[in-house]
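Chains as they are written, first to last, in the working numbering: chain B, 19 to 508; chain L, 20 to 185; chain E, 4 to 333.
Everything labelled a hint here was simulated from the structure, so no lab data went into it.
Fair warning: there could be bad hints in the mix.
Straight-line alpha carbon distances no greater than 27 Å define the calculated DSSO-like cross-link-like pairs of lysine-lysine that follow [said to hold, decoys possible]:
1) B:K276 / B:K307
2) B:K351 / B:K302
3) E:K31 / E:K51
4) E:K7 / E:K31
5) E:K31 / B:K154
6) B:K194 / E:K214
7) B:K343 / B:K162
8) E:K31 / E:K9
9) B:K162 / E:K31
10) E:K31 / E:K196
11) B:K154 / B:K108
12) E:K9 / B:K36
13) B:K36 / B:K452
14) B:K36 / E:K86
15) E:K190 / E:K7
16) E:K31 / B:K168
17) B:K313 / B:K351
18) E:K196 / L:K74
19) B:K36 / E:K53
20) E:K196 / E:K9
21) E:K53 / E:K86
22) L:K51 / L:K135
23) E:K218 / B:K194
24) B:K351 / B:K307
25) B:K220 / B:K108
26) E:K31 / E:K190
27) B:K36 / E:K51
28) B:K220 / B:K162
29) E:K9 / E:K53
30) E:K86 / E:K51
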Amino acid sequence: MSQRITIDPITRLEGHGKIEIFLDESGDVANTYFQVPELRGFESFCVGRPVEEMPLLTNRICGVCPEAHHMAAAKAADAVYHVDPPRTAKILRELLYSAFYVTDHATHFYALGGPDFVMGPDAPVAERNILGVIHKVGLEIAGKVIQARKYGHAVVEMIGGRKVHPCTSIPGGLTKGISEAQRAEILQMGTWAVEFGQFSLKLFNDIVLGNKAYADLIIGDIYTHRTYYMGMVDDHNHVNFYDGEVRVVDPDGQQFIKYAPAEYSTHIAEHVEPWTYLKFPYLKGVGWKGFVDGKDSGVYMATPLSRLNAADGMATPLAQQEYQKFYETLGGKPVHQRLATHWARLIELLYAAERWVELASDPEASSPHFHAIPSEEPTEGVGIVEAPRGTLTHHYWTDERGILTRVNLIVGTTNNYAPMSMSINKAARSLIRKGTIVSEGLLNMVEMAFRAYDPCFGCATHSLPGRMPLEITIRDPQGGPIRVLSQYCE
Amino acid sequence: MTNETFEPTIIGFTCNWCSYRAADLAGTSRLKYPANIRLIRLMCSGRLDPTFVFKAIASGADGVMITGCHPGECHYLEQNYKALRRFQLMRRTLQGLGLEPARLKLVWASAAEGAKFAAEVAAFVEEIRALGPLHWGKSNGRLADAPALSLPADAAEPEGEVEVAA
Amino acid sequence: MTSKPKFAMYWAASCGGCEIAVLNIHEKILDVDANFDVVFWPVAMDAKYKDVESMADGSILLTLFNGGIRNEENEHMARLLRKKSQILVAFGSCANEGCIPGLANLRDSGSIVETAFHTITTDPLNGSAPVMEFEAAEGRLHIPSILPTLRTLADVVEVDYFMPGCPPESEQIAAVIDLVVQVLQGKAELPPKGSVIGAGNSTVCDECQRKRNVKTIQSFDRIWAVASDPDLCLLEQGIPCNGPATRSGCNARCPAAGAQCIGCYGPAEGVLDYGARLISSFASVVDATDPEEIDRILDGLPDPTGQFYRFNLAGSLLKAGRPAWEKDTA
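Chain B on its own, in the form it takes in the complex (with noise of 0.2 Å):
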């Protein structure tokens, strides 16, 4: 009988989570599980809705990227009719989605991983968090992130209707267009989020890269991990967020399949354990192999690391030089390395403001041509967008009356189970040897593993008052406690 761990709860995921680490009799670790507790049922009880209420419905799987949920239940919805909704509303739709990207990734870099890199992970914990960023690089930092948000929840509610879950999708596009004043506004807001991109990375640049124990950390082999790579991305094999065909690249780089939302079940599988209610997806072409690396394991990623890595470029100037550097930096294509996610993921946010100004200079954007109705009989279809933490599929199948009868979901952190689970493991063993003092170091590192891959919630920030408070409690073979280890626990 081993000695255990437990972890409880681990904070920054969906609702709640927890992680038990086992420890043989040597003091190695022998197993980790990371365990999710919840389940709501969406999928069942979307069963006998009308499928137009989908957007509504979706949203509240998730009140951080009830965005993400509405347009891929828009677009699922679309294609249940068979409709094609005017380019105004694909405009609008996108438009409001990359500006829900600039919000939504600035709030994770921020809040969430930037204290990890701008402060150090050796830096004193109560200082890691937004907190000690302020107070390094100045109140302006703080400003500039609720204008961010302030900007992005704007766009949303002008085009969406609501700041938090949107309303105005429908099959066949909108209920509502945008006037040219809304417009100009949109576009004044987006130019002012391009320079806030440029300014996250020049950031980034500066206080990370330009250090070398943080450059060093994100290169190292704690953190990394060779898998297969999803993401969305055009024509031209650019990252999308809103629409597309989902590319996956193996460990090596090379294309592995690319598929049209329509085919998402011919590859993805979902693998189940036992001992959590969430579900493991993995590639049906390779096969569920366990929780490794490698070529050979279906095991993938969803990440903004993964959608570079899976893309050949991005689709603006300003993000595709960002896109050329980081690269050239990290030794070329693809990255493995988890930590490197928080700059993709700055590279994805100036992408999505320069991708905004974009929608947001057509003159289309403000046509009152937001509606198709749709004639055609209602049947069976998939609407796919990439969420900011992974792929995002939706699968409806309806009645004649358009009744749903059916309703798959793979949600976007759902995809990175298996990775981040790999990644917990990996830390807690080159960290937990036999002898090693569980200290206050491994809890961060431990955290740091996780936290790479931004579990849904964008939101969840450091500990506010600057503290981490954190029980480890170390058993014996009976159950019984032999050391709790705690930080500012009252």
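Put chains L and E on the given structure of chain B with help from the hints.
Just chains L and E, lined up with the frame of chain B:
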């Protein structure tokens, strides 16, 4: 408890001008109708707020009967049509919640139709008796006592199309 | 250790939208930080359940609890936070009335897991189905059991205040924080216990800018099937809008954006059962007296149960559909 010994609890909403008087007439004519029904008098069937029906069910009624004046004879002219429309929409909604449509009944009865009223009540009681008790929200004990969830060890066949909730 | 009053925010079975709504008060979040000691807020800081358990009863001044009670962990945390908090607020639609996850109450809870693990992309179970207690090679693993129905917070513990909305609008959250800060400073009083806070006292129709006439509905239409008039009442045009029974406070944002109100603010003041009231108002304006004609018009509502109880099922009088609580007597 078998169906033969089950005594349904019925709530009956009657309108002051026609159907309540019909119930009254049944009484004065010594026409027996089952005591299973508890009558609640409204000034008009149009006064029936669906909330009353839902409350009755939530409080343990096995069936609900709504009665009013014949179409065209409403004391307040047109309000029994509202009762009709609400009745029809309520039945559809409750069907989606798993309630058999037959547990909700609408009867038009004029003040002179004491015999009809009594007969309708008696028939309804037997219909409900055949359907069995409702006991909304309660089955095999309180909700909180339901066993914790677990699936069988052996795999079930993947399902085909999932049935749409009626 | 500070002497500021303690604040907590917790999510049960929720989506995180309430947390985002709180963060969208932007600079005002610093007011929260300045006036309170945030002791437990899983989205924002890493305090654990053990920390809450070790707090003295009643030591948390204000707890905002969002999310519905779906599993045993949610229920445990509801009871725990009730014990540890002086003021417990049911925050957001899930905690108030169940919200969208409450629709799971239309079926029995087994079907939630059943459906999730029988999708077309899920590997056949082969015995690897999720179970509450699992004997891994190294030790026993536990995940919380799913309760038979999703319940509201008030169904489980006593609630002091109710703040509806999916999510509550950020300016209302800011106003409530302002009020609490004023109360702390002795400049204002808390409303009576049991009050609804943050939202309005009327209905969405009251806030809606669209023109209204006497409604005579001869057909109900799906919103995508017609080119609707942006200035005229949606319900009047036959598009099912839940405004008449829904609490105000949102400025009728959705009708302003061309979409029907779906009812995310819950029942208006004085409404005991949200769905029942909507049935009443929809039926009242149907323009027919013949049963068959009425049926024909009502056929235009393909999912009345979902239409009328979309957010409110768990908080309604009937709380759940029969499959959720009825077991075979055999």
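- [ ] Could you grab the alpha-carbon distance between K220 (chain B) and K162 (chain B) and see if it respects the 27 Å cut-off?
- [x] Roughly 14 Å between the alpha carbons, so the hint for K220 (chain B) and K162 (chain B) holds.
Task: Given hint K154 (chain B) paired with K31 (chain E) - CA-CA distance at most 27 Å - done: 22 Å, holds
Task: K31 (chain E) paired with K51 (chain E) [C-alpha distance capped at 27 Å] - done: 25 Å, holds
- [ ] For the pair supplied as a hint, K154 (chain B) and K108 (chain B), confirm whether the alpha-carbon distance does not exceed 27 Å.
- [x] 42 Å, violated
Open item on the list: Please verify whether K276 (chain B) and K307 (chain B) have alpha carbons no more than 27 Å apart.
Closed with: It holds: about 22 Å lies between the C-alpha atoms, which stays within 27 Å.
Open item on the list: Just to be careful, I want the Cα atoms of K196 (chain E) and K74 (chain L) compared with a cutoff of 27 Å; is the pair within it?
Closed with: 25 Å, holds
Open item on the list: Please verify whether K220 (chain B) and K108 (chain B) have alpha carbons no more than 27 Å apart.
Closed with: 32 Å, violated
Task: Proposed proximity, K190 (chain E) with K31 (chain E) (alpha carbon, max 27 Å) - done: Distance of about 19 Å is within 27 Å: holds.
Open item on the list: So if I understand the rule, the pair passes when the alpha-carbon distance is 27 Å or less; does K343 (chain B) with K162 (chain B) pass?
Closed with: Cα-Cα ~25 Å, so holds.
Open item on the list: With the threshold set at 27 Å, check whether the alpha-carbon distance from K9 (chain E) to K53 (chain E) stays at or below it.
Closed with: Roughly 16 Å separates the two Cα atoms, so the pair holds.
Task: Agreement of K218 (chain E) and K194 (chain B) with the hint, judged by alpha carbon distance not exceeding 27 Å - done: 24 Å, holds
Task: Satisfaction of hint between K7 (chain E) and K190 (chain E), Cα-Cα up to 27 Å - done: Within the cut-off at roughly 17 Å; holds.
This entry does not satisfy hints 11, 25, going by the numbered hints stated previously.
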